[in-house]
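Q: From first to last, the protein sequence lines stand for chains A and B. Start counting the first sequence at 0; every next residue gets the next number (numbering that gives the first Met the number 0). Start counting the second sequence at 0; every next residue gets the next number (numbering that gives the first Met the number 0).
Some hints here could point you the wrong way.
Within a straight-line C-alpha distance of at most 20 Å, the following computed EDC-like cross-link-like pairs (lysine to aspartate or glutamate) qualify [to be verified]:
#1 A:K3 <-> B:E623
#2 A:K3 <-> B:D631
#3 A:K228 <-> B:E54
#4 A:K228 <-> B:E55
#5 A:K228 <-> B:E57
No lab work stands behind these hints, which were simulated from the structure alone.
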Amino acid sequence: MTRKPSPVESLAVHVALLAAVAFALYPVLWVASIAFSGVRPPVPEVLPIPNQPTLEHLEAVVTTSQKVGGEPIWLFPRQLANSVVVALATAAVGVTIAVPAAYALARFRFAGKDRGLRALLATQMFPTVASAIPLYLLLDALGLLNSRTGLVLCYASTAVPFSIFQLRAAFEAIPVDLEEAAMVDGATRFQAFLRVVLPAARPAIAVTTLFAIMTAYNEFILAATLLSKEEMFTLPVVLQRYIGEHDAQWERFAAGALLVSLPVMGAFYLVQRHLVAGLTTGGVKG
Amino acid sequence: MPSRRRRRRRPALAALALVLLVPALAVAAPIRLWHAYRDDEARALGAIVAAFQGEEVELLAVPFDAYASKLQAAIPRGQGPDLFIDAHERLGDYGARKLVAPVGDALEADGEAVFQGPALAAVRQGGEILGLPISQKCMALYMNTALAQEAPAFLEDIAALAGALPQGVYPLVYEASNAYAHMPILAAFGGAMLDENDKFGLFGPGPERSLELVRSLIARRVVPEDADGALVTDLFNAGRAAFVISGPWFVGGLTDEAKRSSRVVPLPKVRETGRPMRPFMTVEAVMLSPQGAQRAEARALARHLAGAAAAATRLEVARTPPVRNDVAVPADDAFIAAFTEQAKVAIPMPTSPAMRSTWEPSARAIRKVLRGDAPPDVALSEAKRRFDDVRRPLPPPASPAPLLVALGALALVLVLRWVSAAKGAVRGPTLRQSLPAYRYVAHAVVAIGVLVLVPLVIGAATSLFAGSGEGLRYVGLANFISILTARGGPLFSSGSFYLVLAVTVLWTAVNLFFHVLLGVSLALLLHRPTLRLRALYRVLLIVPWAVPSYVTALSWKGMFHRQFGAVTGLIEAVNAAFGTSIAPIAWFSSFTTAFTANVTTNVWLGFPFMMVVTLGALTAVPEEVLEAAEVDGASRWQRLWKITLPLIRPVLAPAVTLGAIWTFNMFNVVFLVSGGDPDGTTDILVSEAYRWAFTREAQYGYAAAYSVLIFLLLTLATRATGWRRRTPGSILPRGGGAAGGPLPAPAAATEAV
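Take the sequences, apply the hints, and build the full model.
A: As C-alpha cells, this is what we get:
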C-alpha cells in the first residue's frame with residue numbers, strides 16, 4: 000500500500016499534532032484546574048495545576064437534592080438522565096426524519112427540490128434571538144410546555160435541517176452504482192436504500208447523530224425557559240444556576256462542566272470507533 | 000373475546016375518571032414559587048417553606064440569567080408561578096407588563112408599621128404595594144483585619160495605605176468598572192444614574208470628578224484595574240486586599256480563614272466632598288403573579304414568607320439582614336449590624352424601566368475612562384447619547400393597510416406562479432416523476448414547516464411592531480428605517496448597522512479561514528494510514544467541542560485577563576526564558592486585540608467540527624484512485640490538491656456554508672469573551688440584536704428587525720455565491736479540472752444522478 004514515511008516526517012507529524020492537542024486542551028485543563036482548586040491564588044500562572052486540590056466542588060454538584068412532597072430526592076442522576084434522554088431523543092427524531100429526506104435530495108429529481116433546499120438553508124439564517132418566544136407560544140398551543148417532548152421538538156428544529164445538509168452530502172458521495180447493482184438484482188428502490196445505501200453511509204450518520212446529540216445536550220436557554228420542574232431540568236440549566244446576579248461560583252460551575260462533558264467525550268469515543276469501523280470494513284467499496 | 004372487550008373498556012373508564020378528576024386536581028394544585036436563590040439562601044427558603052402550614056408548595060430554582068425572560072414568557076400564558084421572589088427594581092417593568100398584581104391581604108393588617116419604611120417604599124408603585132419585602136441588599140466595606148485594624152473614616156485614608164502595605168497587596172479591591180459598584184463613589188459626588196425625570200444622570204461635573212478619582216486610584220495602584228467578581232474574591236482570600244467593597248453575597252466565596260479575619264463596616268466618606276459613599280439598595284420581595292393573587296393560599300404563603308418567623312430563619316441560615324422592625328438582630332452580630340447600618344443611607348434602586356437602559360452605556364463609559372481611552376466628559380456625554388438613543392420615542396403607529404395590500408399581492412403572485420408551475424408539471428412528466436421522492440421528504444417538510452417556519456414567520460412579523468404591553472403598536476417598516484439610517488446618526492458611527500456589519504463580515508471570513516485551514520490540515524494528518532496513536536489524537540482534538548461552549552468561552556476570557564490571565568503568565572514565562580521584555584497585553588482595550596481574542600476562542604471552538612466533517616469525508620475517498628495516481632507519478636502535493644481535496648469538497652461545501660452562517664450568528668463567544676469591548680466595537684450583528692432584545696428594555700420588535708436584516712443579508716450572500724453546486728461556499732481551491740492531466744476527473748465519481 001503506502002510506503003513507510005521517513006522518521007523525520009513522522010516526527011514532524013507528531014509534533015504538529017501535539018501542538019494542536021496542546022492548543023485544544025489548554026483551556027479545558029484550566030477548567031479542570033479550577034474545578035479541583037481549593038483556593039485560586041491571583042497571580043498569572045502558566046500551568047493549569049489545581050491549587051490545594053479538593054473534591055468538594057464535585058461533591059457539591061453531585062449531591063444536590065431537593066425536597067418534593069417531604070421526600071428529599073437526589074437530583075443529579077435525574078438531571079443527568081434528563082440530559083441524556085433529551086439528547087438521544089433529539090438525535091433519534093432528527094436523524095430519522097432527515098435520513099430519507101436527505102436521500103431523496105441526493106438521488107431524486109423532483110419538482111420544488113431546489114426551492115426546498117434554498118428554503119432549508121434559509122431557515123438556518125434567522126437568528127434564534129427572535130424565534131425563541133414564538134417557539135414558546137407554539138409549544139404552549141401544542142400543550143407541550145414543561146415537557147421533555149416539547150424540548151426535544153425544539154431541539155429537533157435545529158437538528159433536522161442540519162442533519163439533512165450533512166447527510167445529503169454524504170449520500171451524494173456514495174457511488175450510484177451500488178444501488179443500481181442492487182436494483183438490477185431485483186431489489187426495490189427502498190430496499191436498495193435500506194440495505195445498501197444506509198450501511199454505506201453509516202459513518203456519516205454516526206457523525207451527524209453525534210452533532211445532534213451534542214447540540215441538544217449543551218443547550219440551556221430554551222431548557223431553562225421551557226421546563227418548570229427541578230427534577231425535569233437538564234444539567235446545563237443546573238450549571239447555569241451557579242452564576243448568580245452578583246457573584247458566580249466558578250469552581251462549582253467548572254466542576255459541573257467537567258461532569259457534563261464526560262458523557263459527551265464518551266459518546267464521541269464510541270462514535271469514533273464506529274467511524275473507524277466504517278473505514279476498515281470498507282462499506283463504501285461494497 | 001368478552002375478556003378482551005372488558006380490557007378495552009378499562010382504559011376508557013380510567014380516562015373518564017381522569018377527566019372528572021381534573022377540576023379537583025386543579026383546585027388541589029400545589030402553590031408554585033419561583034426563585035433564583037442558591038446555597039444558604041435556597042436552604043433558608045426551603046426551611047421556611049417546609050414550615051408553611053397549608054397547601055403543598057412547589058419550589059423552582061431558575062438560573063438567574065433566564066429568570067426574567069422565563070417570567071415574561073410564562074406568566075401571561077398562565078404557565079407561570081403563583082409567587083416569585085425578585086428584586087424590587089424590576090417592579091416598574093413587571094407592573095407595565097402585568098406580571099405582578101397588588102399583594103392585597105397578603106400584607107398584614109399592621110404591615111405599614113411592621114416593615115421598615117424604605118423597604119416598603121421600594122415595593123410601592125403608584126400607590127399600590129406590588130410585593131412584600133423580605134430582605135435588602137447593598138454593598139458595604141469588608142476589611143481584612145490582618146492588614147488593617149481601623150475602620151477608615153475617609154476613602155482617602157484607604158488610599159493612603161498604598162505604600163504601607165506589603166508588596167502585592169491592594170489597599171482597596173472592587174469591581175471598579177462596574178456601574179453598580181461605582182455608585183457609592185458617584186453618590187458621594189452627588190451624582191445619580193437616573194434623574195427624577197428618567198433621564199440619564201451620569202454626566203456633569205460630579206460624575207466626572209468621581210471617575211477621575213477612581214482613575215487616579217488605579218493609577219496609584221490603590222485599586223486593581225479590570226477586577227471582576229471572581230478576582231475580588233480571590234484577592235481577598237489570598238490576603239492581597241486590605242479592603243473590599245461588596246455585598247452580603249461576598250461571604251459565600253470566602254475561605255474559612257479569610258472569613259475569620261474579615262469584618263464588615265459601613266462605607267467611608269469621600270474627603271473631597273465630605274459626603275458619605277452611598278450604595279444602591281435592592282429590596283428582595285415576594286411578588287404575586289396575577290393568577291397567584293387570586294388564590295387565597297398563595298397570598299397566605301406570601302404572608303408567611305415575609306413573616307417574622309421566616310425573617311428569623313433567613314437571619315439564622317442565610318445571614319440576611321431583616322427588613323422587619325419586629326425581628327431583633329443580636330447585639331453582637333457585627334455583620335448584620337453593619338449591613339443594617341449601611342442600608343439606612345443606601346439609595347433604593349430606581350424602579351423605572353429606564354434604569355435598565357443605564358447599565359450598558361455607563362459601564363462602557365466607565366471602562367473607557369478607567370482605561371484612559373477618553374476623558375470623563377467625552378465618555379459620559381457619549382454614554383448619555385447612547386442612553387437617549389435606546390430611550391428614543393416609539394415610532395408612531397402606522398396603518399396596516401399597505402402591509403395587507405402587499406401581502407395580498409404577494410399571495411396572488413405566488414398562487415399564479417404555482418398554478419402555472421403546476422400546469423407545466425402536469426403536462427410534463429415532472430410531477431409524476433416527483434411522487435416517489437415526495438414519499439421520502441414529506442415528513443421532513445411537515446416537521447420543518449411546523450417547528451421551524453411557523454416560529455420564524457411569527458418572529459419576523461414581530462419586526463413590524465414596537466413597544467410592549469399596552470403600548471404595543473404596529474409601526475410598519477419604522478424599525479428597519481431606523482436601523483438602516485443609524486437612528487439619525489452618522490452612518491458609520493460606533494454601533495451603527497453598517498459598521499457592525501463590516502465587523503461581522505470580517506469576523507466570519509477570518510474565523511472560517513482558520514476553521515477550514517486547521518480542520519482540514521488536522522484531518523489530513525490524522526488520516527495518514529501510518530499514523531500511530533490516531534484514536535488518542537482524535538479524541539483529544541475533539542475535546543474543545545465536547546465541553547459546553549459557554550464554559551470554555553469564559554475560561555478563555557479568564558486567560559486573556561491582563562494582570563492575572565494565563566496568557567500574561569505565558570508572556571512572562573517567555574520573557575524569563577529568553578530575556579525578552581514583552582509587555583502584558585490589555586486584550587480588551589483595543590479593537591485588534593479584542594477581536595483577536597474573540598477569533599482565537601472561536602477558532603478553538605470551531606475547528607473540531609471541520610476536522611470531524613473532513614475525517615468523515617476522507618473515508619469516502621477511494622484508495623484505488625490515490626494509488627493509481629501514485630503509480631502514474633503524481634506527487635503527494637498533486638494528489639492532495641487534485642484528488643483528495645476535490646473529492647471531499649462536496650461533503651465539505653455544506654459544512655462550510657453552514658459554518659459561515661453559524662459564525663455570522665455566533666453570539667456566545669462575542670458576548671462572553673469580549674462582551675463587545677472596547678466600547679461595542681467587537682459586537683457583531685447578532686449580539687447587537689441580542690442587546691436590543693434583552694439589555695435595552697426588551698425592544699423585541701427592534702431586535703427582530705435586526706434578525707430579519709441578518710436573514711436577508713445571508714440569503715443574498717448565499718445566492719450570490721451560488722452555493723449549491725457550481726462554486727460551493729468552500730474556500731478551498733477548485734482542483735478538479737486539471738485539463739489534460741493524468742488524473743481522472745474526480746467529480747464524476749461523486750456526481751449525483
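Q: With a cut-off of 20 Å on the C-alpha distance, tell me whether K228 of chain A and E54 of chain B pass.
A: Roughly 18 Å separates the two Cα atoms, so the pair holds.
Q: For K3 of chain A and E623 of chain B, compute the direct alpha-carbon distance and say whether it is at most 20 Å.
A: 18 Å, holds
Q: Would the pair K3 of chain A and D631 of chain B pass a check requiring their Cα atoms to be no farther apart than 20 Å?
A: Between K3 of chain A and D631 of chain B the Cα gap is close to 19 Å, so the pair holds against 20 Å.
Q: Does K228 of chain A pair with E57 of chain B here, judged by a C-alpha cut-off of 20 Å?
A: 8 Å, holds
Q: Does E55 of chain B lie within 20 Å of K228 of chain A when you go C-alpha to C-alpha?
A: This hinted pair holds, its Cα atoms lying about 14 Å apart.
In the structure shown, no violation is registered for any of the earlier numbered hints.
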